[in-house]
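Participant: Going down the list, the sequences are from chains D and U. The opening position of the first sequence corresponds to residue 1 in this note's numbering, with each subsequent residue numbered one higher. The opening position of the second sequence corresponds to residue 72 in this note's numbering, with each subsequent residue numbered one higher.
By construction, these hints were calculated from the structure, which means they are not laboratory data. Worth double-checking, as some hints may not be accurate.
[Stated by the list, open to error] Covered stretches of chain U (chain D as the covering partner; in silico rule of three or more C-beta atoms under 8 Å from a C-beta of chain D):
#1 605-618
#2 672-679
[What the hints assert, rightly or not] Residues on chain D that point at chain U, a partial pick, calculated with CB under 10 Å:
#3 22
#4 37
#5 41
#6 43
#7 45
#8 50
#9 58
#10 59
#11 61
#12 62
#13 68
Even glycine gets a Cβ: it sits at the ideal position worked out from N, Cα and C.
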Amino acid sequence: MEKVWIAFAAALAVGLPAIATAWAQSRIGAAGAGTLAEKPELTGVIIILVAIPETMVILGFVVAAMILLML
Amino acid sequence: MIIRMAKVEIVGPKKDLLETLDVLHNRGIFQPDPQLLEKVELAAGDHLDALVLDDAELRERSFFQDLHERITRLLDLLPKAGNDRSPLQPLPVMDVLDELSRRHLDEAEDANNSLKDCRQSADALNRDLSFWQALEPLLAELPDPTNLELFGVTIRDSHQLHDLEKLLSEKTLGRCYVSSTTTTDGAQVALIATNRSVAEQLRQALSDVRVPELSLPEDLAALPVPERVTALRERLESRQAQCRDLEAQLQKLSRRWRPIYERAERWVEERLSLYRATAAAYTTRLCFIIQGWMAEAEVDPLRGDLERIFAGRVALEQHRILEEDLDQVPVMLRNPGYFAPFEILSRLLPLPKYASYDPTPLLALFFPVLFGMILGDAGYGTILLLIALLLAKRFPAGSTASDLGKVLGVAALYTLLFGLLYGEFFGDLGEAWFGMHPIWFDRGKAVLPMAVFALTVGLFHILLGITLGALAELRRHRPRKALVKLAMLATVLLLVLALASWLYPQTWLSTGPLLIGVGILMPVLIAAEGLLGPLELLKTLGNIISYVRIMAIGLSSVLLAVVANRLGGMVGDILVGILVAGILHAFNLLLGVFAPTVHSLRLHYVEFFSKFLDLGGRRFEPWHKRPS
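So that you can see chain D by itself, here it is in the shape it has in the complex (with noise of 0.2 Å):
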């Protein structure tokens, strides 16, 4: 029973960041594409701009393999 919940810790770990990573990326994708339409100069800018939020997920996926290989 132990090992179910470490591994649904591990889960909600990854999930939850993931979840929160694609709402911030499609808003900030949607507008990146608006605005490449006028600009498309600011590419590089906003490849960082939707790239940013990806973060969270990378620090839950550390955070579930903490979990996963410590516990």
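Position chain U against the provided structure of chain D, taking the given hints into account.
Facilitator: Just chain U, lined up with the frame of chain D:
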């Protein structure tokens, strides 16, 4: 790398200004900057004035503007006729060209107007002809067309036809015949026949319901329908012949004169651009002064050219670039050999400032390594290498596709190398087929060592970024900011070492003294940067942790490859298994190109470059002749 620029001042007698500007235009290496002259004027309190053209120059400019406008209009009217180029030198024959261009413009305008009318008329005739040709067979159905009044109308759809039949039957008390057909271009037309006695009533009814009657020239309307068609055809042929004559006339004019006018237009445009360039020049009573920017390597050759052409009357002097000029210096990037293709990645960012760094060489060094670390599969690396070779061979050197091929090629080599280190060939297929084993470690199983490796790479990358940032501050003569960067570097290093000594205790590495070092440096950071100091430290630590994505994305890639192999093996049929595994590997390869590219770029753009790169530089845009 960022090309070293020089701030130069060109001085000479006023009468040589236009010729000097012409020399600068031809060389295409000088960017004027009138703002620099404004600074000179303010500093010296001198009597420098913006250049005002004298009467003769104003007349000449006005003449050229008129001529340019006229030639442009004429070229718009003349059709393209071959790629001939005229060797004519326009300046000696400028007056003749001025006169001729007026005549030719009138001629071209007349011919174009006539051609337009002629085409409109031919189109109308063609339309009428197609209507009446379509209606002609319907006449055969009529009992005696000679005693009838005939109308041709266009119909929108079958509903309108039905309504029209009903209405006309009411108006003419049934003494009317309606028949419809479709023309060759798809329009629906109807022929209405009625007794002459009720013709006017019927015409009025058509007008009331706004059904347009097919119009015809008056002389044709009186003719019987079959003769109408013949007459329309003859008239259409005559119009078409007229159009051809007019087109031939314009072609003839174009063949003979267009190359000459194109040459003249370019020459006049260049002359006018010289006049526009005079806005960048300032004058004293006798001299002109132009200041601007150029590559330092070009200064001596240009000085020599000016010396030779103007026999020493025009001088070029190089000034020292001052601290306050640094933000104004235009930036030109030029990268040799291996680095050049990577400009397609650095171009996604705004230009760096002059005192900053060109990110291209750094991207060229680190991007392929990070890409290879993430994808790290010998099989995928081989496929990518083949695609890269194809792109580089297929497309001409210097094209975007070729550059992309070269970047992909280097990234593929690192993918191959890390694939051998991780022991991966299409996931675990190498192990199953050739007994391939990891040279370093199996990242599918050794998650923690891979995470530590990724973090170490991140630490090195970020510390390098902070070091470059400190050097950039020193180059801009801001030692205090450079010291803050170095204090940040030392704090991060001490914190990481303290963490390492706590996790992996070593006799030679004690956590306590390291933390004391951090305690000493923190007040320095706070004193220098305020509360932003500790926040910047946290941000930097977050930047390092962000490199864990190298492990995370790599792990997902290897697991997907393993799943592809397992699914392929579970199918039971060799061919279907190969197909299933192939599709999944293709999908993984697609992801494997996209994800490492985006994430490697992000690690550079967000984590690495933010430590030292100062963006927002001005592009170097020298005066140059319009390409012919």
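Participant: The hint names residue 37 of chain D as touching chain U; please verify it with the least Cβ-Cβ distance against 10 Å.
Facilitator: Since chain U brings no Cβ nearer than about 17 Å to residue 37 of chain D, farther than 10 Å, the hint is violated.
Participant: Checking hints one by one. Is residue 62 of chain D an interface residue toward chain U, by the C-beta closer than 10 Å rule?
Facilitator: 5 Å, holds
Participant: Are there three or more residues in the segment 605-618 of chain U whose C-beta lies closer than 8 Å to some C-beta of chain D?
Facilitator: holds (count 3)
Participant: Go through the hint on residue 43 of chain D and say holds or violated, using the shortest Cβ distance to chain U against 10 Å.
Facilitator: 5 Å, holds
Participant: Hint residue 50 of chain D vs chain U: min CB-CB distance below 10 Å?
Facilitator: Interface hint status for residue 50 of chain D: holds (9 Å vs cutoff 10 Å).
Participant: Against chain U, run the beta carbon of residue 58 of chain D and see if the smallest gap drops under 10 Å.
Facilitator: 5 Å, holds
Participant: Holds or violated: is the Cβ of residue 61 of chain D closer than 10 Å to a Cβ in chain U?
Facilitator: 5 Å, holds
Participant: Please check whether residue 59 of chain D passes as an interface residue: C-beta within 10 Å of a C-beta belonging to chain U.
Facilitator: Status holds, d = 7 Å.
Participant: Min Cβ distance, residue 22 of chain D to chain U: is it shorter than 10 Å?
Facilitator: Nearest chain U Cβ about 15 Å off; hint violated.
Participant: Once the shortest beta carbon distance from residue 41 of chain D to chain U is found, is it less than 10 Å?
Facilitator: 8 Å, holds
Participant: Checking hints one by one. Is residue 68 of chain D an interface residue toward chain U, by the C-beta closer than 10 Å rule?
Facilitator: Check passed: Cβ of residue 68 of chain D comes within 9 Å of chain U, closer than 10 Å.
Participant: Does residue 45 of chain D meet its interface restraint, that is, does its C-beta lie within less than 10 Å of any C-beta in chain U?
Facilitator: 8 Å, holds
Against the hints set out earlier in the document, violations occur for numbers 3 and 4.
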